[in-house]
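S.K.: Mapping of the sequence shown onto full-length UniProt numbering: position 5 corresponds to residue 5, and the numbering continues sequentially without gaps.
Incorrect hints may appear among the rest.
As the list claims (entries may be wrong) - With beta-carbon atoms standing in for the labels, derived distance ranges:
{"id": "1", "residue 1": "Asp121", "residue 2": "Glu100", "range": "25 to 33 Å"}
{"id": "2", "residue 1": "Phe79", "residue 2": "Leu105", "range": "24 to 32 Å"}
{"id": "3", "residue 1": "Pro107", "residue 2": "Phe57", "range": "15 to 23 Å"}
{"id": "4", "residue 1": "Asn58", "residue 2": "Pro112", "range": "34 to 42 Å"}
{"id": "5", "residue 1": "Pro112", "residue 2": "Asn165", "range": "32 to 40 Å"}
{"id": "6", "residue 1": "Ile87", "residue 2": "Glu33", "range": "35 to 43 Å"}
{"id": "7", "residue 1": "Phe79", "residue 2": "Phe106", "range": "28 to 36 Å"}
Everything labelled a hint here was simulated from the structure, so no lab data went into it. Where a beta carbon is used, it is the ideal one built from N, C-alpha and C, also for glycine.
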Amino acid sequence: MSYRSDVLGQFMHLVGIDWSQTGVAHLFSAIQENGYKLLFLSACAISQAYHTRQFLFNLNQDGKVLPDGPVVISPDGLFPSLYREVIRRAPHEFRIGCLEDIRALFPPDCNPLYAGFGNRDTDEISYLKVGIPKGKIFIINPRGEIVVNRCLDTKSYTSLHAIVNGMFPPTNSSEQV
């Protein structure tokens with residue numbers, strides 16, 4: 001999920017503050033409507049699993065909710081997760097391992113990971129490591145601007161929604177991953 005910042009994102013929804021990026025529910029719903037499956041990946045602690053799922057399942061932006069999809073959360077406790085993410089600044093270690101395990105479930109010549117959304121450079125590192133093409137990695141900064149290929153693009157989730165069919169072409173049901 002793309003929060004405006006990871007540290008605050010882990011805590012703001014616990015006190016009832018929406019820390020999500022504007023337009024994310026509309027965009028992700030349109031991506032799913034084009035035949036793609038979404039996977040929500042969070043490096044937050046397993047102790048935050050319930051709250052993370054509740055946040056995702058209850059997010060409502062202008063009447064649009066996030067599509068269903070598995071929520072994969074770090075099996076680590078609160079302090080190891082915070083230490084890895086805040087002190088060591090290495091959340092990509094969890095993400096890479098997790099995504100590699102998911103990719104390994106498919107034949108070697110098939111990469112089920114089509115695109116990745118995140119809010120830090122380490123998300124891009126993770127996605128590149130598992131074979132997601134540079135042009136399909138979307139890093140969103142705290143102002144809601146999307147960075148692709150390390151180039152600032154002032155598109156937001158909302159404006160990306162307008163070109164969703166070009167970025168996420170509709171798939172045939174037999175090709176869905």
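S.K.: Run every hint past the structure and note whether it holds.
M.R.: Cross-check of the supplied hints:
no. : hint                           : result
1   : Asp121 with Glu100: 25 to 33 Å : violated (19 Å)
2   : Phe79 with Leu105: 24 to 32 Å  : holds (30 Å)
3   : Pro107 with Phe57: 15 to 23 Å  : violated (32 Å)
4   : Asn58 with Pro112: 34 to 42 Å  : violated (27 Å)
5   : Pro112 with Asn165: 32 to 40 Å : violated (21 Å)
6   : Ile87 with Glu33: 35 to 43 Å   : holds (40 Å)
7   : Phe79 with Phe106: 28 to 36 Å  : holds (34 Å)
Going through the hint list in order, the structure does not satisfy hints 1, 3, 4, 5.
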